[in-house]
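**Q** These protein sequence lines map, in sequence, to chains A and B. Numbered per the numbering used here, the first sequence finishes at 224, counting up by one with no gaps. Numbered per the numbering used here, the second sequence finishes at 224, counting up by one with no gaps.
It cannot be assumed that every hint is accurate.
No copy is singled out in the list; a pair is fine if it fits within one copy or between any two copies.
Said to hold, decoys possible - With a straight-line Cα cutoff of 25 Å, these simulated DSS-like cross-link-like pairs (lysine-lysine) come out:
1. K25 <-> K126
2. K169 <-> K214
3. K169 <-> K147
4. K7 <-> K18
5. K136 <-> K169
6. K64 <-> K214
7. K207 <-> K64
8. K7 <-> K169
9. K126 <-> K207
10. K11 <-> K214
11. K126 <-> K11
12. K72 <-> K18
13. K214 <-> K18
14. K169 <-> K207
15. K72 <-> K220
16. K7 <-> K136
Hints were generated in silico from the structure; no laboratory data involved.
2 protein chains.
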Amino acid sequence: MSDKTFEKTNLNRVKRMPDRGKYDAETIYPIIDESLICHVGFVDHGRAIVIPTILARDGDKLLLHGSSKSRMMMHIAAGNEISITVTHLDGLVLARSSMHHSMNYRSAVIFGTGTIIDESEAKMRALGIFTDKLIPGRWDDARKPNPIEEKATMICEIDIESASAKIRTGPPGDDDEDYALDVWAGILPMRQIFGDLIEDPLLKDGVQVPKYLEDYKNSRQ
Amino acid sequence: MSDKTFEKTNLNRVKRMPDRGKYDAETIYPIIDESLICHVGFVDHGRAIVIPTILARDGDKLLLHGSSKSRMMMHIAAGNEISITVTHLDGLVLARSSMHHSMNYRSAVIFGTGTIIDESEAKMRALGIFTDKLIPGRWDDARKPNPIEEKATMICEIDIESASAKIRTGPPGDDDEDYALDVWAGILPMRQIFGDLIEDPLLKDGVQVPKYLEDYKNSRQ
């Protein structure tokens with residue numbers, strides 16, 4: 004894990020609830036790694052466009068992919084800045100007073116610019132990182148991209164210019180006088196789980212669920 | 004439910020995979036209602052800022068709230084446009100070929116501008132909508148906001164200028180010749196569930212978990 008810390012600037016400084024702000028890669032990277040998707044923000048004709056998409060990390064770089072015709076990929080390929088936001092909702096915070104209700108969450112915001120990965124070997128490696136981010140072990144099992152497929156997809160490597168995380172954990176914080184109220188208070192935890200595998204109706208007879216997939220399914224129950 | 008359909012324009016038209024695009028409120032509103040959070044996008048000093056926050060709906064209007072000092076709320080209060088994106092990840096799509104891997108998802112993107120809800124009765128009603136969006140039934144149980152708390156929070160009502168949804172469901176789609184491969188294919192479903200309630204360590208003795216909360220916990224298992 005990187006021991007990098009991102010400089011606090013006007014861009015990444017957590018302004019509301021600054022005590023919830025973190026700036027070290029050791030906090031930020033696991034938030035990225037645990038999430039299968041992110042929300043990419045960019046300015047297009049003066050508007051903020053926000054696109055949900057898969058996110059992968061390769062050391063200190065982030066990877067995004069898409070069709071070479073997608074507006075997001077063309078925007079990044081042109082060297083424009085993007086933001087990447089990752090959010091995990093960990094629970095609902097039930098306070099005694101309505102106004103102190105909150106959520107427990109972990110979020111990360113990254114700012115940066117990207118460059119296209121064009122060289123074939125580097126591109127195949129990046130495609131492998133994406134596939135194994137989705138389902139660890141899948142890359143070696145599935146049919147690998149052929150040259151036509153490789154060309155049709157665009158991969159961008161994002162240099163992290165600035166990053167921060169914002170985290171809330173723990174019980175509600177109520178006003179002193181409210182602790183005497185007869186209102187139940189605490190946390191309703193939330194988490195994302197995998198359900199039971201659903202076989203493709205067109206699956207070839209006799210093909211079994213591989214062990215890496217069974218293990219992965221069981222890792223989030 | 005509204006029978007409204009949003010006009011397809013350059014702003015909301017689903018450009019990539021257009022067959023996944025939907026423009027009717029009957030599809031879009033449930034995507035909003037099922038999600039506790041959204042990602043708000045806005046342009047600040049030429050940059051796309053993306054903020055995760057709670058979202059509620061009141062008929063054909065969306066509600067956002069925050070501190071009156073937050074950058075997002077000041078931006079909306081000034082009459083600037085925002086985008087609101089909601090994303091549900093429903094499953095991982097395992098194809099036989101790496102390139103046909105995908106995700107099943109439901110996402111909605113809304114563009115609009117907001118106005119501040121200032122009048123006290125309307126504001127209290129909106130605060131009730133937020134509290135009951137988080138935990139249905141909570142508003143009548145928790146201590147209601149006092150005048151100071153009411154003043155410290157800002158609520159904006161967003162007029163939906165344009166909206167669309169994008170949805171993927173069902174099994175993978177592979178190239179014809181790949182169906183003969185010995186690779187397991189199908190769906191790994193994902194969903195967000197509630198865990199067991201965690202009592203506040205400072206909970207007053209004898210306060211029981213209310214029925215509406217127990218029911219809500221059981222609604223996402």
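**Q** Compare the structure with each hint and give your call.
**A** Evaluated hints:
Proximity of K25 to K126 under the C-alpha cut-off of 25 Å is found in neither arrangement, the shortest distances being 32 Å within a copy and 33 Å between copies. In this assembly of identical chains, the alpha carbons of K169 and K214 never lie at most 25 Å apart, being 36 Å within a copy and 33 Å across copies at closest. For the homomeric pair K169 and K147, neither the shortest alpha-carbon distance inside one copy (38 Å) nor that between copies (28 Å) is at most 25 Å. For the identical chains of this complex, K7 and K18 are intra-copy neighbours only, at 21 Å inside a copy versus 38 Å across copies, given an alpha-carbon limit of 25 Å.
Within a single copy, K136 and K169 get their C-alpha atoms as close as 23 Å, and across copies as close as 23 Å, so both meet the 25 Å cut-off. In this homomeric assembly, K64 and K214 never come within 25 Å of each other (Cα to Cα): the closest approach is 30 Å inside a single copy and 48 Å across copies. Taking the shortest alpha-carbon separations for K207 and K64, neither the intra-copy value of 38 Å nor the inter-copy value of 48 Å comes in at or below 25 Å. Within a single copy, K7 and K169 get their C-alpha atoms as close as 17 Å, which meets the 25 Å cut-off; across copies the closest is 37 Å, which misses it.
Taking identical chains as interchangeable, the C-alpha atoms of K126 and K207 are never at most 25 Å apart, the minima being 30 Å within one chain and 58 Å between chains. Taking identical chains as interchangeable, the C-alpha atoms of K11 and K214 are never at most 25 Å apart, the minima being 44 Å within one chain and 45 Å between chains. Proximity of K126 to K11 under the C-alpha cut-off of 25 Å is found in neither arrangement, the shortest distances being 33 Å within a copy and 36 Å between copies. Only between protomers do K72 and K18 lie at most 25 Å apart by alpha-carbon distance; the minimum there is 10 Å, versus 36 Å within a single protomer.
Taking identical chains as interchangeable, the C-alpha atoms of K214 and K18 are never at most 25 Å apart, the minima being 46 Å within one chain and 38 Å between chains. Taking identical chains as interchangeable, the C-alpha atoms of K169 and K207 are never at most 25 Å apart, the minima being 46 Å within one chain and 30 Å between chains. Proximity of K72 and K220 under a CA criterion of 25 Å is satisfied in neither setting, with 33 Å inside one chain copy and 43 Å between copies. With identical chains, the CA atoms of K7 and K136 are at most 25 Å apart within one copy only, with a shortest distance of 22 Å there and 39 Å across copies.
Comparing the model with each numbered hint stated earlier shows that hints 1, 2, 3, 6, 7, 9, 10, 11, 13, 14, 15 do not hold.
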